[in-house]
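Number of protein chains: 2
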Amino acid sequence: MSKQRTVYCGLVNDELVGQTITLKGWVQKRRDLGGVIFADVRDREGFCQVVFNAENLSAEEMEMADKLRSEYVVEVTGVLNERDGAQINPKIPTGRFELFAESLTVLAKSKTPPIYIEDDLDADEEVRLRNRVLDLRRPKMFNNFKLRHQVTRSIRNYLDNLAFIDVETPYLTKSTPEGARDYLVPTRREAGKFYALPQSPQLFKQLLMGAGFDRYYQIVRCFRDEDLRGDRQPEFTQVDLETSFLNQSEIQAITEEMLKEVVKATKGIQIEEAFPTMTYAQAMNEYGVDKPDIRFEMKLVDFTDFASESEFGVFKSAVSNGGQVKAINLKGQADAYTRKTADALIDVVKPYGAKGLAWMKVTSEGFNGPIAKFFADDNSSNVISERLNAEEGDILFFVADKADVVAASLGELRVNLAKQHQLFDPNALAFVWITDWPMFEYDEEEGRYVAMHHMFTAPQNANPEEVKENPAEALAQAYDIVLNGYEIGGGSIRINNLDMQEQIFDLVGFTKEQAEEQFGFLLNALEYGFPPHGGLALGLDRLVMLLAQEPNIREVIAFPKTGRGIDLLSNAPGYVENAQLSELHLNIRSQKD
Amino acid sequence: MSKQRTVYCGLVNDELVGQTITLKGWVQKRRDLGGVIFADVRDREGFCQVVFNAENLSAEEMEMADKLRSEYVVEVTGVLNERDGAQINPKIPTGRFELFAESLTVLAKSKTPPIYIEDDLDADEEVRLRNRVLDLRRPKMFNNFKLRHQVTRSIRNYLDNLAFIDVETPYLTKSTPEGARDYLVPTRREAGKFYALPQSPQLFKQLLMGAGFDRYYQIVRCFRDEDLRGDRQPEFTQVDLETSFLNQSEIQAITEEMLKEVVKATKGIQIEEAFPTMTYAQAMNEYGVDKPDIRFEMKLVDFTDFASESEFGVFKSAVSNGGQVKAINLKGQADAYTRKTADALIDVVKPYGAKGLAWMKVTSEGFNGPIAKFFADDNSSNVISERLNAEEGDILFFVADKADVVAASLGELRVNLAKQHQLFDPNALAFVWITDWPMFEYDEEEGRYVAMHHMFTAPQNANPEEVKENPAEALAQAYDIVLNGYEIGGGSIRINNLDMQEQIFDLVGFTKEQAEEQFGFLLNALEYGFPPHGGLALGLDRLVMLLAQEPNIREVIAFPKTGRGIDLLSNAPGYVENAQLSELHLNIRSQKD
Chain H
1 MSKQRTVYCG
11 LVNDELVGQT
21 ITLKGWVQKR
31 RDLGGVIFAD
41 VRDREGFCQV
51 VFNAENLSAE
61 EMEMADKLRS
71 EYVVEVTGVL
81 NERDGAQINP
91 KIPTGRFELF
101 AESLTVLAKS
111 KTPPIYIEDD
121 LDADEEVRLR
131 NRVLDLRRPK
141 MFNNFKLRHQ
151 VTRSIRNYLD
161 NLAFIDVETP
171 YLTKSTPEGA
181 RDYLVPTRRE
191 AGKFYALPQS
201 PQLFKQLLMG
211 AGFDRYYQIV
221 RCFRDEDLRG
231 DRQPEFTQVD
241 LETSFLNQSE
251 IQAITEEMLK
261 EVVKATKGIQ
271 IEEAFPTMTY
281 AQAMNEYGVD
291 KPDIRFEMKL
301 VDFTDFASES
311 EFGVFKSAVS
321 NGGQVKAINL
331 KGQADAYTRK
341 TADALIDVVK
351 PYGAKGLAWM
361 KVTSEGFNGP
371 IAKFFADDNS
381 SNVISERLNA
391 EEGDILFFVA
401 DKADVVAASL
411 GELRVNLAKQ
421 HQLFDPNALA
431 FVWITDWPMF
441 EYDEEEGRYV
451 AMHHMFTAPQ
461 NANPEEVKEN
471 PAEALAQAYD
481 IVLNGYEIGG
491 GSIRINNLDM
501 QEQIFDLVGF
511 TKEQAEEQFG
521 FLLNALEYGF
531 PPHGGLALGL
541 DRLVMLLAQE
551 PNIREVIAFP
561 KTGRGIDLLS
571 NAPGYVENAQ
581 LSELHLNIRS
591 QKD
Chain S
1 MSKQRTVYCG
11 LVNDELVGQT
21 ITLKGWVQKR
31 RDLGGVIFAD
41 VRDREGFCQV
51 VFNAENLSAE
61 EMEMADKLRS
71 EYVVEVTGVL
81 NERDGAQINP
91 KIPTGRFELF
101 AESLTVLAKS
111 KTPPIYIEDD
121 LDADEEVRLR
131 NRVLDLRRPK
141 MFNNFKLRHQ
151 VTRSIRNYLD
161 NLAFIDVETP
171 YLTKSTPEGA
181 RDYLVPTRRE
191 AGKFYALPQS
201 PQLFKQLLMG
211 AGFDRYYQIV
221 RCFRDEDLRG
231 DRQPEFTQVD
241 LETSFLNQSE
251 IQAITEEMLK
261 EVVKATKGIQ
271 IEEAFPTMTY
281 AQAMNEYGVD
291 KPDIRFEMKL
301 VDFTDFASES
311 EFGVFKSAVS
321 NGGQVKAINL
331 KGQADAYTRK
341 TADALIDVVK
351 PYGAKGLAWM
361 KVTSEGFNGP
371 IAKFFADDNS
381 SNVISERLNA
391 EEGDILFFVA
401 DKADVVAASL
411 GELRVNLAKQ
421 HQLFDPNALA
431 FVWITDWPMF
441 EYDEEEGRYV
451 AMHHMFTAPQ
461 NANPEEVKEN
471 PAEALAQAYD
481 IVLNGYEIGG
491 GSIRINNLDM
501 QEQIFDLVGF
511 TKEQAEEQFG
521 FLLNALEYGF
531 PPHGGLALGL
541 DRLVMLLAQE
551 PNIREVIAFP
561 KTGRGIDLLS
571 NAPGYVENAQ
581 LSELHLNIRS
591 QKD
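Residue numbers (my numbering), protein chains in the order written: chain H, 1 to 593; chain S, 1 to 593.
Bound-form chain H, shown alone:
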């Protein structure tokens, strides 16, 4: 008959010393020291050393103890002892204790596991994902999920206290043409009809505001059938919230306080200062990206004015073609680069469209390097030194090209160099708000404007006619929240006015019929007293990844998919029975079709 567990292995403590307790867990390792058998027993909270000794155990149990192997599941009862000084293992929290076993039950045996159940496992990710059950036994992994739960718990507590109400919205919804590709779900009830899995509950949460729910939240799965990157998955989790009657700064304040609560709950750190705010224009200008990592400086500095006067042809022609010249200063790292290694950094910026990367070192005798000769005069020297705060030992990098290429290239180089030279505290959490987003960007390929945030975002200008007249200049009541160079969330004030919503649909190229067909239910609802409203969505996976200091979101998702959307554990997706397809009125096109 099984006994109840007294305590998790990892939580044995002084109060239990001298008491008879029961532990249940996995054998981490077993050692035989002259007939006394030592086993480290592991559970999700940590380890406890168990001592099997012929004095306390039957011959049968000693034999069992002798046969223990890694990952056997055991139940052990015995007296908890404090170890003698020399025996203490200072590396683990329970290193001062050991359990003298008085009974042993093997609850499950194990073959030799294909991967080591250790934090510093050096296994291929594919092997880990195929053996995810074992991979998740590594203490580090469990701690990631504990952290994730702490995050959601603190978010829920915070929002519950503010009278937010958690409402579930449908997963079987309608496909919409804008945005990313939908995952579709065929219905057997009518040939050719499909549900779509939601890319976000955007419209449903707006409708809940129309319904007077006032403050909504949901921690909800979202789906996008896109090509996957390190921080993307086909399904991801969003902390989704929406409020009525609040303006942008009120919604930002609620979000900011929520994130501070999360940091406090998970890291024990109380962030006192307000998160800095930056306009989209400033972020693009100074950091080259809309999600600046402000844990370090190294801002992009503009030399366009100066470059047009310079004698360096590359700069001059870039400017005369309507381009820009910008630079960053990698402080004090000149000696880290040879001509060859500095030149090699072109590979960092090339994928972003830059055709060249110019650089100069700052020495006691002035600039040094391939382009130094063009800027040897006092004026050049002064302008460059002043704008970039250049001092001896620094190395300066320049890109001259179209504005978007300069931004993307130097933005990437900046982050790349900062990582390489560890220019920031890896424990730092640098939040920043990005505001004043453009309403639209022009899609050259489609020859039309597309909404930069989404089609339900309210412009700062409340006059539909003025927005229509100059869409390129229209700014949105939108805000992103960025952490350590990752966009972790974004939101906006939404349109609650039928005229404006119709105007925006028109601007992005919807006919009245298309707008009605796709969003008739929203347009209809806007006619019946729709309150001012706005909200925000946070990417939970990314937030947890950053708090856990993990390199990708698969480390904080229990059963993630690979870059090709495959679950290596169950081999989903898979083929299905022909009868299933038949019920769904589907045929598979041969690859030739």
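Simulated from the structure, these hints should not be mistaken for laboratory data. Bear in mind that the values here come from a model prediction, so they are computed numbers and not experimental data. We treat Cβ as the ideally placed atom computed from N, Cα and C, and that holds for glycine. A portion of the hints provided could be inaccurate.
[As the list claims (entries may be wrong)] Within a straight-line C-alpha distance of at most 27 Å, the following computed DSSO-like cross-link-like pairs (lysine-lysine) qualify:
#1 LYS109(H) to LYS512(S)
#2 LYS512(S) to LYS111(H)
#3 LYS109(H) to LYS109(S)
#4 LYS316(H) to LYS264(H)
#5 LYS331(S) to LYS468(H)
#6 LYS316(H) to LYS340(H)
#7 LYS419(H) to LYS140(H)
#8 LYS109(S) to LYS512(H)
#9 LYS512(H) to LYS3(S)
#10 LYS331(S) to LYS291(S)
#11 LYS419(H) to LYS468(H)
#12 LYS146(S) to LYS91(S)
#13 LYS140(S) to LYS111(S)
#14 LYS91(S) to LYS140(S)
#15 LYS111(H) to LYS291(H)
#16 LYS3(S) to LYS260(H)
[Claimed, not checked] Just a sample of chain S residues kept apart from chain H, beta carbon distances all over 10 Å, derived:
#17 GLY18
#18 GLN19
#19 ILE21
#20 LEU121
#21 ARG188
#22 ARG295
#23 ARG387
#24 VAL576
#25 LEU584
For this one, chain H is given, so just place chain S on it according to the hints.
Quick look at chain S alone, frame taken from chain H:
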């Protein structure tokens, strides 16, 4: 410039009297009493009467007030007053207050809404669903969602305190052949391959136990493509939990305490007594169903032994054909039935296969009714009266047929009569555990055993060989929790032993190859120290429906689907672009195919 809301309309209170406050909400109704305009302003928490008076407002604002119509969204600032005695409206909690408006802003106008925003709305459900945004404005609806949130919040708090960890499992999973029909999600990455939406996270939660997570929960959406009934939806929400190292009674105790917490948090009722437990056999025997409503008695009483000796041919032949005779006693309602209305109750039992329904009234002169003559002797009279506790004024109903027909027919009649005659307190919450379920039922159509709970449920007998020898008799370590005649949850101890799992797959007719193909990842994991584990899942929608005393789960789902799986608001599912189908390698079969 908009002011911040001071308080919800429904929460104005004594402390605010005399203060200048701001309310935001919807105009419920407007009355003009000799130039003074009264409006009831509504928000999610209730109503507040607002008084617009020329003394306090500009001519422009008075004009605006005059033009207010139902469902206009307004912001009103003014001084909260206590009403004079005669003016008090005792029907609403804020009936002692009124706001003297000093400023008015119309935030949104409204056309005349197609449905009344009132609790006692008498509209067709289809009209309500098409106008769901307005329908959800009815106070009753918001209160349902507030209740739902209270339920999930109390469940989360309870489980969090017991060291359960909330882990998200995938929604894009693999299709499995057993159980209900899967919703499929085609992938564009490989023609003919599909994900399936999960019918439950069953295997994932078991794998998390294999991973040592020890205590898991999730409030999670599940999907079943079945024909829908009043209490079914294509997507539904499950409170899913799983534990390691606990036995059946420990898991039941945790669940029971959790449900008591929910009742306490939502109803303020502390249930002191332990939930009663009944075996499956007893439930079927005494109530005719596996989810007995024990708010009232009227148990099924067996007369098979007695009937075989009786002179009533129908009873005799039913028994001699291996059937049963059972009866229920509707106490004190004999006078409620004429011969015609009593005979008409055959319509209640017919759909359950009964070919007849016999009945007798108990009068001061003995039994009365069509079959009374067969049971007029003293012995019959005594046996019947004793077993059914029959007294003057009662009416007795008998069904003679195959055991399953008797059970289903009388089980249904019992519930039907109880509702009709209001034999129970509608506020009662009668929980009951159903235990000792059979492992298998024999599927005549498929000619094989199928798992009654699911294929991962552990039998009470730990010996695979013995289970194999007599599957019909094997009992499961399974338990359902029933509330007021609805199954609100069920669970089991799972198999953590490879031999047993392979045996069960074999018993339900899987070849080794099929088992490997479908569940290889589970079988593999069972080889590496898989702990004893078990859990349970609660149907959240149904639980909330019962707590809200609503007749169907659509009342506690914000955006439900109709019986044909249609979202009447957005008209999902819908047709999609041909390009989408092409990317997914799909053709639609014409209806002729």
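Worksheet item: Taking the minimum C-beta separation from VAL576(S) to chain H, is that value above 10 Å?
Response: Violated: least Cβ distance 5 Å, not greater than 10 Å.
Worksheet entry | Minimum Cβ distance from ARG295(S) to chain H greater than 10 Å, as the annotation requires | It holds; ARG295(S) is separated from chain H by about 29 Å at its closest Cβ, greater than 10 Å.
Practice prompt. Confirm or reject the statement that ARG188(S) sits farther than 10 Å, beta carbon to beta carbon, from all of chain H.
Written response: 7 Å, violated
Worksheet item: Straight-line Cα separation of LYS316(H) and LYS264(H) no greater than 27 Å?
Response: 51 Å, violated
Fill in: Given pair status - LYS512(H), LYS109(S), alpha carbons within 27 Å
22 Å, holds
Worksheet item: Taking only the CA atoms, is the gap from LYS316(H) to LYS340(H) under or equal to 27 Å?
Response: 25 Å, holds
Worksheet item: Is LYS109(H) within 27 Å of LYS109(S), Cα to Cα?
Response: 70 Å, violated
Fill in: Status of GLN19(S), Cβ more than 10 Å from any chain H Cβ
19 Å, holds
Fill in: Claimed clearance of chain H by ILE21(S), with the beta carbon kept past 10 Å
The claim holds: ILE21(S) sits with its nearest Cβ about 14 Å from chain H, beyond 10 Å.
Fill in: Beyond 10 Å from every chain H Cβ - status for ARG387(S)
The claim stands: ARG387(S) keeps its Cβ more than 10 Å from every Cβ of chain H (closest is about 41 Å).
Item to complete: Given the hint that LYS331(S) pairs with LYS291(S), test it: the Cα-Cα distance must not exceed 27 Å.
Response: The hint holds at about 22 Å.
Worksheet entry | Distance rule for LEU584(S), whose beta carbon must clear each one in chain H by more than 10 Å | 7 Å, violated
Of the numbered hints given earlier, the model fails hints 3, 4, 5, 9, 11, 15, 21, 24 and 25; all others are met.
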